[in-house]
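Student: Residue strings, one per chain:
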Amino acid sequence: MNEIRTLTIDGQLISADASVTILEAAKEHNIHIPTLCHLEGLSDVGACRLCLVEIEGHNRLQPACVTRVEEGMVVRTTSSRLQKYRRMVLELLFSEGDHICSVCVANNACELQDLAYAAGMDHVRFDYLHSTHALDASHDRFVVDHHRCILCARCVRVCADVEGAHTWDIAGRGHTAHLVSDLAQDWGEARSCTSCGKCLLVCPTGALFAKGFVVSDPQNKQDFLRYIANTKSRKAWKDE
Amino acid sequence: MEGRMSIGSIWLGGCSGCHMSFLDLDERLFQLLERADIVFSPLSDRRELPDALDVLLVEGAVALSGQAELLRDFRSRTRTVVAFGDCAVVGNVTAMRNHLDLTSMLRHTYGAEGARMGHDPAHHLPAMLDEVLPLHRVIDIDIFLPGCPPPADLIWYTVHELLEGRHPVIDEKRLRYG
Amino acid sequence: MAQIEKNQAIEAENKHKQLDRALMRQQGRRGALIEVLHEAQHIFGYLPRDILGYIAASLQLPPSHVFGVASFYPSFRLHPPAGHTITVCMGTACYVNGASRVLRAAEERCHPRAESEQHDRIPFDVHAVHCLGSCGSGPVMQVDDDLYLHTAAETVESALDQCVETVRAADHASDGTTEASPSGEIFPESDTSGRQDARNNDSAAGETDDT
Amino acid sequence: MREITIQQRARPMTLEELYQIGRAHRERVATFRAEIHVCGSGGCRSAGSEKLLDAFRAACEKKKIASDVRIITTGCMGLCGQGPLVRILPRETLYAGVTPEKAERIVSSHIIREKPFRSLLLDADHPFYASQTPIVLRHMGRLDPESIEDYIAHGGYEALAKAVTYSAPEHVILEIRNSGLRGRGGGGYPTGLKWDIVRRGTSKSKYVVCNADEGDPGAFMDRALLEGNPHAILEGMAIAGYAVGAQQGYIYTRGEYPLAVERMRHAIREAERLPVIGNRIFESGFSFQVDLRIGAGAFVSGEETALLRSIEGKRGQPQPRPPYPSASGLWGEPTLVNNTETLANVPPIVLNGARWFSGMGTERSRGTKVISLAGNLRNTGLIEVPMGTSLRSIIFDIGGGVRENRAFKAVQTGGPSGGCIPSQHLDAAVDFESLAQVGSMMGSGGMIVMDDTACMVDVAAYFMAFCRDESCGKCIPCRVGTVQLYRILDRIRRGGATLQDLDILEELAVMVKDTSLCGLGRSAPNPVISILHYFRREFEDHITGRRCPAGVCLMDNESETAATAPLPAGTSPQTEGSVHE
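Protein sequences, first through last, are from chains A, B, C and D. Last residue of the first sequence: 240 in the numbering used here, with the numbers rising by one and none dropped. Last residue of the second sequence: 178 in the numbering used here, with the numbers rising by one and none dropped. Last residue of the third sequence: 211 in the numbering used here, with the numbers rising by one and none dropped. Last residue of the fourth sequence: 581 in the numbering used here, with the numbers rising by one and none dropped.
Okay, chain A solo, but in the shape it has when bound (with noise of 0.2 Å):
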């Protein structure tokens, strides 16, 4: 029983099913609202706050990816406040993690990035914290180097819920959390992992990568996040 409700997103009223989030009754309308832990096709988190947009009637800043659309709801997705916050986060997301583009196997193919460009950030304000990582290549087809990880856990939710291995998982709290591999081990020795390459595919920087790939190489992700995203919520196996 489905029942439909209006709202109105930037002055624009729409109409949209009960069960839909902001985010998806958005993108029926191409509303474009940034997001970057969410990916069509994995359940949501609501981590990375780049998807915040402002409801009238609610003080706090509500996350569009997980937050239902409700009667009479007033959206509004971009603000000067919602655009500084949005690069606030990625300049964050920049001083934490050893974002150096010029070295990157995910450069001109990397969300981070093509996000940092819409939010015309020209440079992080934070100090840098080059925290050190493991880079951990021992697995025999595939790379995970912790330094560019923004544990946004797309890696971990398509590997639990789609693979079904779950090898992937965040260990640590706040500032020591990091990706971890079944028991902590090194990335080879995970058992649990069937090397389907899913985590590769997800992973919207270049934290996740196949050996063999230089600088700047183009990885045709594209294709396959459709593939994922018509599995799961839409209609399955649609291919566009």
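Just so you know, the hints here were simulated from the structure itself, not pulled from any lab data. Do not take every clue at face value.
What the hints assert, rightly or not - Below, computed lysine-lysine pairings styled on DSS-like, alpha-carbon distance capped at 25 Å:
no.: 1; chain 1: D; residue 1: 115; chain 2: D; residue 2: 64
no.: 2; chain 1: A; residue 1: 84; chain 2: D; residue 2: 513
no.: 3; chain 1: A; residue 1: 84; chain 2: B; residue 2: 173
Unchecked claim - Footprint (simulated), chain A over chain C, 3 or more residues, beta carbon under 8 Å:
no.: 4; segment: 41-53
no.: 5; segment: 60-66
Glycine is no exception: its CB is placed at the ideal position from the N, C-alpha and C atoms.
Based on these hints, arrange chains B, C and D on the given structure of chain A.
Tutor: Just chains B, C and D now, with coordinates in the frame of chain A:
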């Protein structure tokens, strides 16, 4: 800006790739020199420090304490300082040494072997900062021009806007890292 | 030598039995993982990797999930504890009464900057915890199980000397290896600085900085 | 989902049997010639109150009166700072700072010669106790927490018996709504409203969760309640379960409170033995089971949704709300999450009625608040005052003013999510609205007084380091924002910062507050924002003057920027991991 614009450039902890990209302006260099003078640059052999500058392009990150002083000195003489290239804007490859402990790195590199050849880091190397810093951690920066190197067209857009007396807008279309 | 190895094997055997009993008790109970981790740490003194793997298998949970949970909570230790622990309370009430000086004194004594001053052989872990619950009489410090109230930097010296004596006396008495026995209470004090995990030599391990 | 039930008495208990137990226990206690209550809670226990028990037993044996003197360990008696405390009846007298050596002389003076032992006497009208109106703490320190009969003798489980026998669940909820009780964990959400939402949940398995995580450093009221009067919490949970239609309850408390865990386990066993909780309570159709879940040291687990994930055995990472736990909580089922103090208020409200409770406190903050007083105060400990009492009377009358009568500088309320209130607001009332107006918050009720030896920049850095270390790491503003905020505060503290750093600090603090996913991140900047608001000059002293007025912070001397003009951005090397002097 009826008078001629004075442009200067220096390179700190960098690889001079950005200056090479500056030379890729090719024939546009002539248009530039019609309206501006390059008064101080590694590319020209004029050595006296100008007492005032309109625009300064600074390539490279701040790796040595001497560079920090040089930078502050130029800041006090320049109207518009441009962080020129990824090293100046984010620290880039030069800042990768921040993961390592400086003293143990020096001891490792110049240790027993270096001592045998009479190299003592304290005398033969300039004083280094523990942490390589992007420019805006040392001085105020007016324009950030990321890129490794920034493409010649972007350099030309920036310089041309400055010649016209406008502040260049490095927006989504023009921004490129790496 | 064989005798010691035999004892250790028997001891390891009955620790595993204790763990199996704990796992049996949790059978069918939802969300039992953290309860089992508490009991496992009480049995083994900390959570070794193979034990985490064993728990993951018996509760049919992915090993990465179990490690993720075990490494999230600071009370769980992933590394064998040093012989003895000094816990300094850095709660607000203790802090405003000068707890950071006590912490600095404890660290100075246990990991002295100048290598030369390393005189007591006894290994100490220094932990800063966020509240020991005796806020009325701070700064509070705990050496293994004895609690010291209204401590000052000077008290650290006397408290540690006293502890070193008792440990040395205990050494002579048992002259066996001072096996890393978990501290007395059923749940050892929370350990916020020991979040180090083998894979990640994260240089941001500034846990024991003075705040 | 029903947990494994422990074997119980076949027949449920009746109200009459409950009264009978209470009467029998009161008569038995009356036969004693005297009673010695030794405070066994947190501060006193660590000051050695266990040894006192044996000392008093030995003293009574020596005087051959052991058989008719009742000696028990009780919960917190309030004035922790002057512990160990001992109360002796008849001619009720409180003794402070009692040591085992003095036990014999107290026994012979107070009990044998029936004259109070002057030197350790705490006079009856001591200001610490004078203006308190205990409700939650009314039996605290007089009750043997390990004897359910003693609790029943003080009117225990009567409210539960009456509720399940005479009132419909909706009526109980109405009573709580009319009382004006609001969440004591810090949020201040109207309790009756929350119960109503859970009640309307259609699922057949619902849960009641007591949040006794109490992560705020400097707060120890939940610990005192669990150790001193565990049955009050069980009864409150059972009444809540009856009202909202839940069969299963969880008490979530800290692994760092071993005595509280032990006392609560014992209380659950006792309550199931009688039985007052279990199947068909007081012959009604209502059954209720309680389990204990022990946290493992993560402060963020005090946040509602993180606590529920922890009970589910997962990483304690908060989740976006809505959906709120009252609609979808533990394993997706409607779950009522209430703080320990909130639940401990339920039995007295049900017994004495809503009007009795709403008669106390202020218009919008009814009833009383338990406060843990600590810091540079003469009288530190646990108090309970009506809502609306002023900060001044709490700190200077009850608290006895600042130690060594140094100058009062600020009082910190609301823990790491609260703020620091300076002297000009000492007349602000302690209730949800007034504390928010002066830039702080009620929080769990911890109050830490600071005198002029404290440096507010150092305090701001201390709280930010706490939030940085306790962040769960899921959302970026909190995970990375707290690290960057701490770095700037630390740079200011060491004299290596610039005025531009101050602007970035303020802008980032507001951003972290507005964009973080949960309460921890949203309130982490509160201390900094409130300290900047009231003590901005101290920040400027550290930055431009490069000096710390309170003499706490050590300035970086080797920072090579000292000689040249102040820099827009500090360049003195800060390796993140080094220990700062």
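Student: Determine for every hint whether it applies to the structure shown.
Tutor: Comparing the hints with the structure gives:
no. : hint           : in the structure
1   : 115(D) - 64(D) : holds (19 Å)
2   : 84(A) - 513(D) : holds (14 Å)
3   : 84(A) - 173(B) : holds (19 Å)
4   : 41-53          : holds (count 3)
5   : 60-66          : holds (count 5)
Hint compliance for this structure: every hint is met.
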